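Asks: Take a look at the letters that make up each chain.
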Amino acid sequence: MSSRQSATDPHRSRPQRALRSGRRGSPAAQLSTMVLLLAVAGYFLLPVWWLVVSATKSSGDLFGTNGFWFGSNLHVADNVTKLFQHSDGAFSRWILNSVLYAGGGALAATLIATMAGYALAKYPFRGREGVFAVIIGAVLIPPPLLALPLYLLASAAGVVDTYWSVLIPSVVTPFGVYLARVYAAASVPDELIDAARVDGAGELRIFFTVALRLMTPALVTICLFQFVGIWNNFFLPLMMLADDKLWPLTLGLYFWNSQLRDQPWYDIVITGSLISVVPLVVAFLALQRYWRSGLSAGSIKA
Amino acid sequence: MTGHLKPTPGPVVSPPAPSGGDGRSRPTNTAGDAGRRPAGRRPARSKLASRRNRSAGLLLAPFAMLFVAVFVIPIGYAVYQSLFRVRRSGLGLGPPETVFAGLDNYTRVFADNSFLTSVGRVVVFGLVQVPVMLGLALLLALLLDSQVVRLGRFFRLAYFLPFAIPGVIAAVLWSFLYVPGISPLVDLGGRAGVEVDFLSADTILLSIGNIVTWSWAGYNMLILYTALRSIPRELFEAAEVDGCSGFRIAWHIKLPLLRPALTLTGVFSIIGTLQLFGEPMVLRTMSSAISNSYTPVMLSYQAAFGLNDYNFAAAISVVLALATFVLSYGFLRLSTRGST
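Line by line, the protein sequences give chains A and B. Convert by adding 72 to the 1-based position in the first sequence; the result is the number in my numbering. Convert by adding 1169 to the 1-based position in the second sequence; the result is the number in my numbering.
I should point out that these hints are in silico values taken from the structure, not numbers from a laboratory. The structure displayed is predicted, hence computed values, not measured ones. There's no promise every hint is true.
[Said to hold, decoys possible] Where chain B lies over chain A, by a calculated footprint (3+ residues, C-beta under 8 Å):
1) 116-128
2) 159-173
3) 228-234
4) 241-247
5) 265-276
6) 296-304
7) 342-348
Ideal Cβ placement from N, Cα and C applies to all residues, glycine included.
Bound conformation, chain B alone (with noise of 0.2 Å):
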């Protein structure tokens, strides 16, 4: 430990320091050194910097290891996968073979008419219930937060539940709620003269949004509410001495302040948009509205699954991934322009 007489400067904010190795390559350390500061040529002290990126290496080598096998790979595999289709023979009698096909599955992916009307059904969807769910979570989150409220920690711990329930048993539970017969819904509607029908073409959609926007309201507010407290509470005394009334408040101070917490709310809100799955699947048993092609990630599936085509449904799933990353980087640029 000779070399470490003084306190090295903390890690956090010290520029990126000693040598080489990102936990994937083994540490180098000849460039790394060499160009940092004079105490780093001293040979003990870049033993021990080695020593030390060396544990790191060992630290992040696991998780390096199985994302490389879980995200790099599999995704490198499915563009591979997509510019390849499967050839039969004319009489379908001899063996398929795998031939090259370029973008030919990608141009098909945009002609397909099931595929652009499934993305147009997401987007519409996405465009209503995102804004409705976080008006709901803010509201939700400014009215918890104001002082007025008793009963707050129930009232929170009542909004959040659904998230502890699994996306398909809400599924499964919603469809009970809509289904004739079994759904006290629909009986008290029946009662009330009211025939409703949540299972049809012109209302399922709206069916599903209201089981996503249930399942994730109430942890969309917490992240708001959370994000609230942490705002320090000296900000609004000093604009309610001046006689700002809380609706004001909220309005001017809190908002602006929520942005981060409601930027990230809406990333993650608008990929989840995109994935939309599991919610129309369970309602496809009781609703004949919901065809294979539902949603974008139920046609690839469809095409993986019904039709054998890996080639074509790995095109759908790479194109879905573009979308959604340049969809929710934009959004991410978007919103954190202007606020440094």
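The following block holds chain A by itself, in its conformation from the complex (with noise of 0.2 Å):
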């Protein structure tokens, strides 16, 4: 019986593990499992390691000193102050740019796609099957290949290196919209929605008050992705934004290691790329419930 319990959950049962490890695996098949997920770990978390312990070293440090380890001394304040007052101060701008165009386009992209996501789910208007599958074909063109004719067509509009030649391409999910569309047929009860029309709400006021709230999980999950998307953009911006005072992160550091050759400001590039990769690393760590369950619907429902 405690076995029939605990298959439904069988990391937290321990008799069922000591059952099934005696059943499954030797102490040998086990040890060498662990062995090979932890070299895999070294794999994936090595080069992050460097990075943290690279960003507290001076410029003589990095390149005398064991690369996996700390240096003579620590350098990370000096560093930190080194890259805010470098070129007047442009990577505490590039910041302030790359949250702006991450968190307002995520933000806007988010409702925007919840909106367009749950109407295609529960509105049974005529068409909707065809506008839907043409979203969905919008999911497999890749980002980059769009970003020429973006650029050609904010060329021609005159946008260019404009924040909104950024911001307005960044507003626009297809895969939040598929995301909110599964998620509101499953999570937002049709009953629920008649209920409170009979209440005499009007449709947009069931959208605001009831169904927004079933769907925060879908929510946390389509902002987040939009958020790192954006976040990590490069080639839109590339393309986009020639003025280096509108620039988002990627695109400041990426500009800086290019000019390495030259100017051997490593700490610099080194400590900036630590700065960047701080917000996304806690917000997924903080957030983790809920993107699981987004992967999960866009895995289910592939």
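Given two chains presented individually in distinct reference frames, assemble the corresponding complex, making use of the accompanying hints.
Replies: So, in structure tokens, the structure goes:
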């Protein structure tokens, strides 16, 4: 009986695990699996560890000491000060730009995609499946391939080299609409919508007060993925933005990195890279349970 | 609310019903209602339905408008641009004029050696890197799903971590691990008596493949793992009772059930391969083995911003977009064939 019960949750049940390991694999097999998994973890984590360690080193130590361990003294404060003072504080400006593009873009994209996904899930209007098919098709168009057409259009429209040239394309996420539709179909009961209608609530009000709340996990997932997508975006800003005052972090660091041959400012690029990574890692760790559900929705419905 | 006495059928399972309007055009509810079940003829009901569809239109409108602005018009404009070329007069004195070129730009694309080379390069890259990455992701997902493993949560997060690092930053990071002098890896190799050059013409493609694999293997692993977790455990229990080994369960039960998730990750990996850009762009600073037409997207960037030949660049983009679309669609069809 206990085996039946724990079958749904094998990770937590000790007797079950013992039973299994007895049946499934010898201690040798277990040990080799563990070694393999640890080795792979090393592959994924060591570069990040190197980045963390290197951000604490002076330029001299970067070249003279073991890359995977700390140098003679900690240089964090110096590196950070140097980074933020470099090119008249360009780095802090790039951070703000990235926050604006990714934060503003992701919030707007989430609302817009959720509205569309909900409409596609809950209103059986004619042509609905056609609209949805077009949106799914758009998921298959890689953003870098779209960037050049966007640039051609933006330059014809005269909005190249403005915040808008990056922000506007960022608020459209076909994949978000897809996720929102799947999620709305599964998590917003029709009975609830009907009940709200009987109570006299308008359609928009039902969406904003009832549906949005039920779709919160999907909202967070869409927002997070869109935030990451925009934060990581490189090709679009590279094409659109010539003025370095408008650059996001990725573009700025790319530019500094491309100058390394002439300017040995390794310490700045390394510290800047580490700082640019921190917000995303924190967001992913803090919002784990949300993006997991998003991933499962994506994989089941494929 | 008089017309709403009996519950409406669930919209999701019901066939396309009340009236027209797809969010972009104004809802017209004549044909749609006439063809619908008798209840739809009742005026109160049809008014209700049309009001609802207007709300659907309102909810859909912002996305629809932006979608047209950001997807439909740019693609249309790129196709249009690809049909023209700029002609400069013989001496280069007169103003350049834009003339209709038909499919000239496309013949140029397919006759262009650097384009064909770059396509060949990403195809080879994809044929090796995508299976390696998905194989690794699959292996890790299966191992983490088998119940013998401790610390599963730690491993999942550790493998997924690189996904949170922007592609360009990942490339910058790895480039430091490749470049002699600063790289601890080259350092270690040197001490062990092995000369490793990650940036030579022979190794650079592998080095790029490593960066891409590092960035995306964990993400794909997590998708596969999530799909594995959603399979009812009873399926394995039964097989286990019948004496099936862990390996055979994985091969005969888990793998077939993972097919949709594998398809999804496969499609997105193929798309990712064709758009390879950031990694080689970053490594170009360190390695002379990467030309400015190393990948198709780099070539189109070079055509647009290096040569100012927007028409040619547009043609390249259109060809690439079509190729991507055909490839991912074909892959989808191929891998869903047979499974209903």
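Asks: Against each hint, give a clear statement of whether it holds in the structure.
Replies: Results for each hint:
1. 116-128: Since three or more residues must qualify, the claim that chain B covers the segment 116-128 of chain A holds, with 7 doing so at under 8 Å.
2. 159-173: Per the Cβ count (0), the hint is violated.
3. 228-234: violated (count 1)
4. 241-247: Per the Cβ count (4), the hint holds.
5. 265-276: Since 7 is at least three, the answer is holds.
6. 296-304: holds (count 3)
7. 342-348: Holds, because 3 residues of the segment 342-348 of chain A bring their Cβ atoms closer than 8 Å to Cβ atoms of chain B.
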